[in-house]
Amino acid sequence: MTLLDISELTLDLPNGKRLLDGISLTVAEGETVGLVGESGSGKSLTARSVLGLLPSRATMGGSVQLLDQSVLDASRSELLALRRTRASMIFQDPRAGINPMRTVGDHLTETMRLCEGRSAADAKAVAISLMEAVRLPRPEEHMNQYPHELSGGMLQRVMIAGALTSSPRLLICDEPTTALDVTTQAEIIGVLAEQRASRGMGMLFITHDLNLAASICDRVYVMSAGRVEEQGDARQVFSNPQAAYTKRLVAATPTIVVARDSAATADQGADASATTSDAVPSTADAAASASASATPAPVEAMLSASGISKTYVRRGKEPVRAVIDASIEIPRGGALGVVGESGSGKSTFARMIVGLEQADTGDIRIAGRERTSVPSSRVERLEHARSVQMVFQDPYLSLDPRITAGKAIEDAMRLHRNLSTTDARARVIELLEQVGLGDVHAQARPRTLSGGQRQRVAIARALAIEPDVLVMDEATSALDVSVQAQVLSLVEEIRRERGLTVLFISHDLAVVRRLCDETVVMKTGEIVERGRTIELLGNPQHPYTRLLIDSVPRPEWNLEAVAAEASELEDPVAQN
Amino acid sequence: MTTFRRVAGKLGALLLTLFLASLLVFFSRFLVPGDPVSFLLRGRKPSPEAVAQVTAQYGLDLPPWQQYLNWLTGVLQGDFGRSLQYRQDVSEVIGDRLPVTLMLVVMAGTMIAVVGLTAGIVASLNRGKVLDRAVLIGLTVLGAIPSFVGSIVLIAVFAVQLGWFPSFGSGEGFLDMAYHLVLPSIALAIVFVVLVGKVTRSSMVEQLGREHVEVATSRGLKRGTVIRRHVFRNSIGPILTVSGVLVAGLLVASSIVEAAFGLAGIGTLLVQSVDRLDFPVVQAIVLLIVTAFVVVNAIIDVLEPWIDPRAAAGAGAR
Numbered sequence: 001m002t003l004l005d006i007s008e009l010t011l012d013l014p015n016g017k018r019l020l021d022g023i024s025l026t027v028a029e030g031e032t033v034g035l036v037g038e039s040g041s042g043k044s045l046t047a048r049s050v051l052g053l054l055p056s057r058a059t060m061g062g063s064v065q066l067l068d069q070s071v072l073d074a075s076r077s078e079l080l081a082l083r084r085t086r087a088s089m090i091f092q093d094p095r096a097g098i099n100p101m102r103t104v105g106d107h108l109t110e111t112m113r114l115c116e117g118r119s120a121a122d123a124k125a126v127a128i129s130l131m132e133a134v135r136l137p138r139p140e141e142h143m144n145q146y147p148h149e150l151s152g153g154m155l156q157r158v159m160i161a162g163a164l165t166s167s168p169r170l171l172i173c174d175e176p177t178t179a180l181d182v183t184t185q186a187e188i189i190g191v192l193a194e195q196r197a198s199r200g201m202g203m204l205f206i207t208h209d210l211n212l213a214a215s216i217c218d219r220v221y222v223m224s225a226g227r228v229e230e231q232g233d234a235r236q237v238f239s240n241p242q243a244a245y246t247k248r249l250v251a252a253t254p255t256i257v258v259a260r261d262s263a264a265t266a267d268q269g270a271d272a273s274a275t276t277s278d279a280v281p282s283t284a285d286a287a288a289s290a291s292a293s294a295t296p297a298p299v300e301a302m303l304s305a306s307g308i309s310k311t312y313v314r315r316g317k318e319p320v321r322a323v324i325d326a327s328i329e330i331p332r333g334g335a336l337g338v339v340g341e342s343g344s345g346k347s348t349f350a351r352m353i354v355g356l357e358q359a360d361t362g363d364i365r366i367a368g369r370e371r372t373s374v375p376s377s378r379v380e381r382l383e384h385a386r387s388v389q390m391v392f393q394d395p396y397l398s399l400d401p402r403i404t405a406g407k408a409i410e411d412a413m414r415l416h417r418n419l420s421t422t423d424a425r426a427r428v429i430e431l432l433e434q435v436g437l438g439d440v441h442a443q444a445r446p447r448t449l450s451g452g453q454r455q456r457v458a459i460a461r462a463l464a465i466e467p468d469v470l471v472m473d474e475a476t477s478a479l480d481v482s483v484q485a486q487v488l489s490l491v492e493e494i495r496r497e498r499g500l501t502v503l504f505i506s507h508d509l510a511v512v513r514r515l516c517d518e519t520v521v522m523k524t525g526e527i528v529e530r531g532r533t534i535e536l537l538g539n540p541q542h543p544y545t546r547l548l549i550d551s552v553p554r555p556e557w558n559l560e561a562v563a564a565e566a567s568e569l570e571d572p573v574a575q576n
Numbered sequence: 577m578t579t580f581r582r583v584a585g586k587l588g589a590l591l592l593t594l595f596l597a598s599l600l601v602f603f604s605r606f607l608v609p610g611d612p613v614s615f616l617l618r619g620r621k622p623s624p625e626a627v628a629q630v631t632a633q634y635g636l637d638l639p640p641w642q643q644y645l646n647w648l649t650g651v652l653q654g655d656f657g658r659s660l661q662y663r664q665d666v667s668e669v670i671g672d673r674l675p676v677t678l679m680l681v682v683m684a685g686t687m688i689a690v691v692g693l694t695a696g697i698v699a700s701l702n703r704g705k706v707l708d709r710a711v712l713i714g715l716t717v718l719g720a721i722p723s724f725v726g727s728i729v730l731i732a733v734f735a736v737q738l739g740w741f742p743s744f745g746s747g748e749g750f751l752d753m754a755y756h757l758v759l760p761s762i763a764l765a766i767v768f769v770v771l772v773g774k775v776t777r778s779s780m781v782e783q784l785g786r787e788h789v790e791v792a793t794s795r796g797l798k799r800g801t802v803i804r805r806h807v808f809r810n811s812i813g814p815i816l817t818v819s820g821v822l823v824a825g826l827l828v829a830s831s832i833v834e835a836a837f838g839l840a841g842i843g844t845l846l847v848q849s850v851d852r853l854d855f856p857v858v859q860a861i862v863l864l865i866v867t868a869f870v871v872v873n874a875i876i877d878v879l880e881p882w883i884d885p886r887a888a889a890g891a892g893a894r
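Top to bottom, those sequences are chains A and B.
Counting in this note's numbering, the first sequence runs from 1 upward without gaps.
Counting in this note's numbering, the second sequence runs from 577 upward without gaps.
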């Protein structure tokens with residue numbers, strides 16, 4: 001039977017902007033339906049419309065039927081009843097979604113006590129049994145704990161348990177695992193699938209992650225700019241996309257799947273770096289094979305860090321060993337990926353290399369120069385900055401909102417070199433063009449630029465100084481997949497053209513795979529495995545690396561073939 | 577255990593603050609021009625013997641630190657010395673005036689809480705609408721009125737024109753005093769209502785945009801319940817912090833209002849005593865105000881983990 005039937009749903013803002021443009025979708029009992037799209041596609045808004053959670057001054061059109069009850073025409077009390085009995089929603093970030101000032105027990109029992117009028121003891125019993133159902137380790141203890149005392153994964157379980165208190169027929173999940181680590185994501189997906197099956201609920205699953213959607217959904221709807229671009233059987237849609245947008249999305253999605261003939265892929269990868277980086281072809285290859293066999297590189301390394309450790313001493317608490325005896329080496333023109341989950345110490349490691357943090361022990365050298373200590377004087381800071389530049393995760397935060405893109409780049413440049421205004425301007429335009437922007441963007445403030453454009457500006461700013469090494473700390477994590485693909489292509493291109501040395505920090509194996517010749521895997525401060533990226537993905541040695549790889553959602557069929565075909569259709573760098 | 581240690585730590589800090597304040601309060605008199613002895617002997621032709629006698633009688637011949645120790649010992653026993661102008665114990669002089677000021681502050685405080693919170697909450701729940709704008713404009717206009725002007729307007733309208741309230745004096749007995757203090761406490765409250773109202777509004781608006789509020793709504797809780805349990809509850813922190821800082825301002829501003837309404841309270845006494853170089857009284861009142869301020873803020877600090885459980889976890893909390 002059909003639980004949810006949305007037809008021709010439109011949503012207009014008072015300023016005339018149409019956010020949803022004729023959305024039609026259905027969810028049947030026991031079915032998992034995916035709603036896939038990038039930011040601004042309207043997928044979250046569509047999901048919220050099911051529970052009547054809409055912007056207050058929006059004009060709605062079309063219909064939303066939840067168990068044959070119209071949501072858009074529902075009175076206030078009907079809407080409450082609907083939310084209390086028919087559908088529940090799980091939100092993206094459990095840390096933001098659960099009131100930090102109330103206990104976990106209060107969150108779980110709140111609706112039972114206040115809406116259903118159950119006794120406190122009764123509600124508590126239900127809450128505890130639900131916590132057991134979602135596999136929280138110590139339900140009794142969690143009742144009196146506050147959200148900040150639990151990890152993100154545990155909190156998301158609390159959120160799920162909270163959504164299940166009303167025994168909903170339809171469970172709406174809005175990016176429920178986006179804020180979580182990949183291993184935690186796998187666990188949460190497991191819990192969701194189990195609950196959906198045992199309760200026979202319908203599930204509307206919103207995600208930007210094609211692989212995730214493909215691996216858990218029966219049917220999917222692909223949304224873009226407020227419209228459904230394509231719909232159908234999940235396998236059908238992703239293995240044989242019809243709409244141009246879906247094809248582009250599939251092409252842009254990085255994957256960790258290593259083709260059967262992994263040797264061929266490896267060769268191809270090596271070819272790419274060898275043939276195109278004319279300046280340093282032999283170095284990259286020699287060093288890559290050298291460090292793969294863990295012998296000292298014959299050529300001088302551009303970046304070498306050895307025996308780096310960092311411990312944070314906290315008053316009244318156990319000290320945290322953020323980084324333990326980590327060593328890496330990147331040859332000139334090489335790209336090294338550092339992969340790890342939150343708390344693995346990868347960002348601390350990056351910050352020490354950039355000189356934002358002082359290593360307790362160890363030695364960092366960039367282009368042969370000592371760069372271990374945090375620069376203290378202005379001269380030292382400038383010197384250090386010329387060695388290494390960093391691109392941060394969130395371009396919305398790393399660019400000053402009041403400074404235009406051109407000025408931001410110019411300022412960085414002038415800090416290091418005396419340039420006449422005209423020379424500086426010319427160089428700014430040159431840099432902007434190099435990152436696929438133009439002189440029109442020089443005058444733009446960050447507010448008027450898209451996320452991808454901002455990150456390009458951040459990269460241009462980092463390159464303005466012509467550093468020896470570029471450190472990218474989760475530099476594409478905040479971006480949509482298609483934008484991420486553009487930024488990654490850009491970095492690849494710059495590496496080819498300028499022989500730039502890159503240290504790429506990421507939680508995402510697929511992204512690292514795309515960009516880096518070599519990869520190290522970090523876990524709780526230690527490097528547990530290192531090697532050529534393709535070999536590491538194809539034949540992981542350490543159990544943690546295997547766990548990481550296994551946790552990445554993956555449909556049974558191979559996306560690789562489709563991706564290769566589709567990427568020919570589209571040069572992601574060309575479009576903005 | 578940790579709670580105990582935290583409270584003990586706060587208490588230590590509190591005592592240290594009070595000690596430093598007492599030093600400042602006592603020794604500031606040596607920086608002020610004017611000699612208490614000449615005030616005591618005013619109207620008489622001071623013979624050197626008389627000066628020496630008075631000086632010795634009030635202990636003014638001792639070295640400053642000795643005078644401080646004497647004073648502090650007395651203060652710790654509730655003896656603030658003798659007022660120079662009233663020739664009475666300072667504690668008696670203050671004791672006579674304290675009820676009026678306390679009542680004034682309590683009444684004004686209640687008004688600030690009720691009106692300020694209501695205005696802030698109403699504005700935040702109607703954010704961007706006409707009511708919100710009206711409240712904001714109203715608050716801004718009120719905030720621009722100095723309290724002595726407010727006092728005069730209130731007297732002119734409600735005491736003189738309408739005759740609803742007395743314009744002068746503090747009345748006899750509890751109820752009469754409360755009646756007499758209605759206009760003064762309104763005059764005192766106005767500026768603080770504006771501050772509390774604005775802080776409440778911005779704190780509520782910030783919480784209203786939080787995702788956990790949407791989650792609560794999505795679970796079918798009534799709007800009132802969501803506002804009470806998730807929005808207002810989470811907004812209390814900043815409101816309390818600001819209120820704590822306001823306490824000192826409230827005590828100081830009361831002197832202006834007391835003067836405007838001819839009330840014999842602590843505020844007028846302070847102004848008068850400064851005027852007449854009545855150091856013991858000035859010192860006692862200033863110490864009282866400092867103590868009130870420090871104690872109120874210490875209480876708010878101690879309450880903080882209860883208001884925001886993340887604070888209990890210390891700086892390490894995310």
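Keep in mind that the hints were calculated from the coordinates and are not lab data.
Errors might be hidden in some of the hints.
Straight-line Cα separation of at most 25 Å, DSS-like style, residue types lysine-lysine; simulated pairs [what the hints assert, rightly or not]: (1) B/Lys774 <-> A/Lys317; (2) B/Lys798 <-> A/Lys124; (3) B/Lys774 <-> B/Lys705; (4) A/Lys17 <-> B/Lys774; (5) B/Lys586 <-> B/Lys705.
Here's a subset of chain B near chain A, in silico, CB distances under 8 Å, partners left out [as the list claims (entries may be wrong)]: (6) Thr579; (7) Thr716; (8) Glu790; (9) Thr793; (10) Ser794; (11) Arg795; (12) Thr801; (13) Leu879; (14) Glu880.
Where chain A lies over chain B, by a calculated footprint (3+ residues, C-beta under 8 Å) [as the list claims (entries may be wrong)]: (15) 705-712; (16) 779-789.
Here a beta-carbon is modelled for each residue, glycine too, at the ideal position from N, C-alpha and C.
Checked hints:
Restraint check: the Cα-Cα separation between B/Lys774 and A/Lys317 comes to about 39 Å, which exceeds 25 Å; the hinted pair is violated. Straight-line distance between C-alpha atoms of B/Lys798 and A/Lys124 comes to about 21 Å, which keeps the hinted pair within the 25 Å bound. Under the criterion of a C-alpha separation no larger than 25 Å, the hint pairing B/Lys774 with B/Lys705 is consistent with the structure, at around 16 Å. Distance restraint check for A/Lys17 and B/Lys774: the Cα-Cα separation of roughly 32 Å exceeds the 25 Å cut-off, and the hinted pair is therefore not satisfied.
Of the pairs offered as hints, the one joining B/Lys586 and B/Lys705 is violated, with about 43 Å between alpha carbons and a cut-off of 25 Å exceeded. Look at B/Thr579: its Cβ only gets to about 14 Å from chain A, farther than 8 Å, so that hint breaks. Below 8 Å, beta-carbon pairs count as interface contacts, and B/Thr716 has none with chain A, the closest being about 25 Å; its hint is therefore violated. Because the beta carbon of B/Glu790 sits about 6 Å from the nearest beta carbon in chain A, less than 8 Å, this interface hint is met.
Interface hint status for B/Thr793: upheld, as the beta-carbon distance to the closest one in chain A is roughly 6 Å, under 8 Å. With its C-beta approaching chain A no nearer than about 5 Å, B/Ser794 sits inside the 8 Å limit, and its interface hint holds. Here the hint on B/Arg795 is kept, as its CB sits about 5 Å from the closest CB of chain A, short of 8 Å. Interface restraint check for B/Thr801: the shortest CB-CB distance to chain A comes to about 6 Å, inside 8 Å, so the restraint holds.
Hint status for B/Leu879 relative to chain A: violated, with the closest Cβ pair at about 13 Å, above 8 Å. With its C-beta approaching chain A no nearer than about 11 Å, B/Glu880 sits outside the 8 Å limit, and its interface hint is violated. Residues of the segment 705-712 of chain B with a Cβ under 8 Å from some Cβ of chain A number 0, which does not satisfy the need for three, so the listed coverage is violated. Check result for the segment 779-789 of chain B against chain A: holds, 3 residues qualifying (beta carbon to beta carbon below 8 Å, three or more required).
Of the numbered hints given earlier, the model fails hints 1, 4, 5, 6, 7, 13, 14, 15; all others are met.
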